[in-house]
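*Asks:* Spelled out from the first residue to the last, the chains are:
Number of protein chains: 2
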Amino acid sequence: MLRNELTKADIVARYLPKKLIAVDQAEAFAPSNIALCKYWGKRQNELNLPVNSSLSVSLAHLGSHTQIRPATSGEDQVILNGQVLTADTPFAAKVISFVNLFRGQQNYPLIVDTRNNIPTAAGLASSASGFAALTLALNQYFQLALPDTVLSAFARMGSGSASRSVFTGFVEWRMGQQEDGMDSHAFPLDVSWPDLRVGLVKVSSAQKAVDSRAGMKRTVETSGLYQSWPAQAARDLETIHQALIDDDFSQLGATAEHNAMSMHATMIASWPPLLYWQAESVAAMQRVWALREAGVEVYFTMDAGPNLKLLFKAKDQLLLETEFPDLEVVAPFAEDSKTNLASESVNAAD
Amino acid sequence: MLRNELTKADIVARYLPKKLIAVDQAEAFAPSNIALCKYWGKRQNELNLPVNSSLSVSLAHLGSHTQIRPATSGEDQVILNGQVLTADTPFAAKVISFVNLFRGQQNYPLIVDTRNNIPTAAGLASSASGFAALTLALNQYFQLALPDTVLSAFARMGSGSASRSVFTGFVEWRMGQQEDGMDSHAFPLDVSWPDLRVGLVKVSSAQKAVDSRAGMKRTVETSGLYQSWPAQAARDLETIHQALIDDDFSQLGATAEHNAMSMHATMIASWPPLLYWQAESVAAMQRVWALREAGVEVYFTMDAGPNLKLLFKAKDQLLLETEFPDLEVVAPFAEDSKTNLASESVNAAD
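Protein chains in written order, with the numbering used here: chain H, 1 to 350; chain P, 1001 to 1350.
The set of hints was computed from the structure by calculation and includes no laboratory data. Predicted model, so just to flag it, every value in this text is computed and none were measured. Hints are not guaranteed to be accurate.
Ranges of calculated distance between the beta carbons of each label pair, as one might list FRET restraints [said to hold, decoys possible]:
| # | chain 1 | residue 1 | chain 2 | residue 2 | range |
| --- | --- | --- | --- | --- | --- |
| 1 | H | Thr-86 | P | Thr-1222 | 44 to 52 Å |
| 2 | P | Ile-1096 | H | Asp-326 | 49 to 57 Å |
| 3 | H | Gln-178 | P | Thr-1222 | 33 to 41 Å |
| 4 | P | Asp-1248 | H | Pro-325 | 47 to 55 Å |
| 5 | H | Asp-326 | P | Arg-1115 | 47 to 55 Å |
| 6 | H | Val-296 | P | Lys-1208 | 19 to 27 Å |
| 7 | H | Arg-235 | P | Val-1191 | 40 to 48 Å |
One-sided excerpt, in silico: chain P residues whose CB lies under 10 Å from chain H [what the hints assert, rightly or not]:
| # | residue |
| --- | --- |
| 8 | Gly-1224 |
| 9 | Ala-1231 |
| 10 | Ser-1250 |
| 11 | Thr-1255 |
| 12 | Glu-1257 |
| 13 | His-1264 |
| 14 | Thr-1266 |
| 15 | Ala-1269 |
| 16 | Ser-1270 |
| 17 | Leu-1275 |
| 18 | Met-1285 |
| 19 | Arg-1292 |
| 20 | Ala-1294 |
In silico contact screen, one side only, chain H against chain P (beta carbon under 8 Å); selected entries [said to hold, decoys possible]:
| # | residue |
| --- | --- |
| 21 | Gln-227 |
| 22 | His-258 |
| 23 | Ser-262 |
| 24 | Gln-278 |
| 25 | Ala-283 |
Glycine included, each C-beta is placed from N, C-alpha and C at the ideal position.
Go ahead and model the full structure; you've got the sequences and the hints to work with.
*Replies:* Structure below.
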């Protein structure tokens, strides 16, 4: 951290009352999200401020449920999918240091109990939904009643893409320009595509060798092609905007695939090469391209991992389930769940 | 072609006598070459003028033998690996139109007999060695006694990378800047690395769906990351120069691999995505990286196809032949064959 650089704690403190008052228990859900225009590269590390704006679709019911309650033992406790973690595991340490941003020196020992219902093999990161759910739960627990955009900015300080998981449906995260990052938050787009389907193709559930944070860093520092990325991402974001306005699925799918491939290209041009693909990833891509060649409107996107996420329309679901037998299909707008999680998350104590 | 743009024929004519005189028969050999800093993208299509300079190593005895003799039938004949081709096959058409650059309207019906000794499965393009050997044979056949650099520039008009196949050993092709392209030719570098080995890994010998010419075009026109390529290639060329001066194999290998991956990255970021890799290509890359992780100094490069070309030192040959059972190993400097093919190619009639 540079001298005089704002810390997360400085920023959060501005939005909080001097003295916190907690309810008995709070609970929130936040969905996973799949970026159609990717976040890749930070302009500032401490606050997770991105080099480019991004756009995602949230995965409806797939995500993280987080409950917060007082730790009567006086010691913080982090529970993940029913398992109590010791404080020195990376996950527990991250959760506790995020909670500390809110409670500061005040004596609020907490139990943070998180359950992810993301299919473990699907290669979906849980940090986005996890930090979003935690932020929403803390907002309830300490009765902060913060605006959605502030909650999104806070979630972003936990994990960049968590800023988008605060909302459902299509979500845009504007990169912002302020030093404190408070204009770098997501907002929901007023578009609903009930026919859209996202298909999760499992290639491998192995732990990735290089995590996204380290991957971004290596790309920014060593990839000669990375300097063209911000302009590419800006163009793709505009094209996806237009596709949403025009209700043009092909344009959206093609741009999302091109954007994902461009992001992976920046990694492949890193040194040492950063290749998240497995042999099976290439085989799956080739199947998608062959299907498209045959007239099926299917596109894919990929994150910092080997798995493909297919984008297609409801009418092609059966065909794609035949082609990809283990496909896990999500309907992001099935119940037209264009709701505001921040305002509607449950405060169990109310 | 734009109006007023120079044609190949205009340019060649400048270097030729008004009236050609032929010998009875001429024969030349030119080696394949593997670029360590790749040629990817044309700034001018008619003359194959490149966007960036490149650097290669020639593959010693692997390449094309081309013999030219008069066609007593009065009809041109093109023979490839012993098979007579009809004039309308793409290969024959290209050869004849190249020969026409030299003989113009003069009546010299020819038999062009080419034999490639490149292992067919190794995924080596034969157009580089083919056009280089043809240029050298024509130089002999018509007793042109052209300087090597002119022959290299002529070969470039047949196929860009043929400019480098006119020479053995390490070869640099400077992009040049003249409109007629006559400063866009290769020259040999005065460095010999007898310990260097190139290992050809066969992944697939299937015909590629998109040829290099079309692939370059798509990349230049649709890849948002391509704009960063020329600067990357320029940096890599400088680094490889320095590695040659410092006798630094690791630097050479690492830069060649980084350069190849960067080139493929520009393709992957094209639309539709241009992926020359097969699933097996990724598996082979992962084997190389695992070997390097284990301390073996091996690097790879790849061209517009699915096959890997390994770079390693003589001492590791046995180990690599065990790891890659079908490896075809070439010693580019084994007989320290730093010769000038242009001057030494056989003129059977002399």
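*Asks:* Please write out, lowest number first, the hints stated earlier that are contradicted by the structure.
*Replies:* 10, 20
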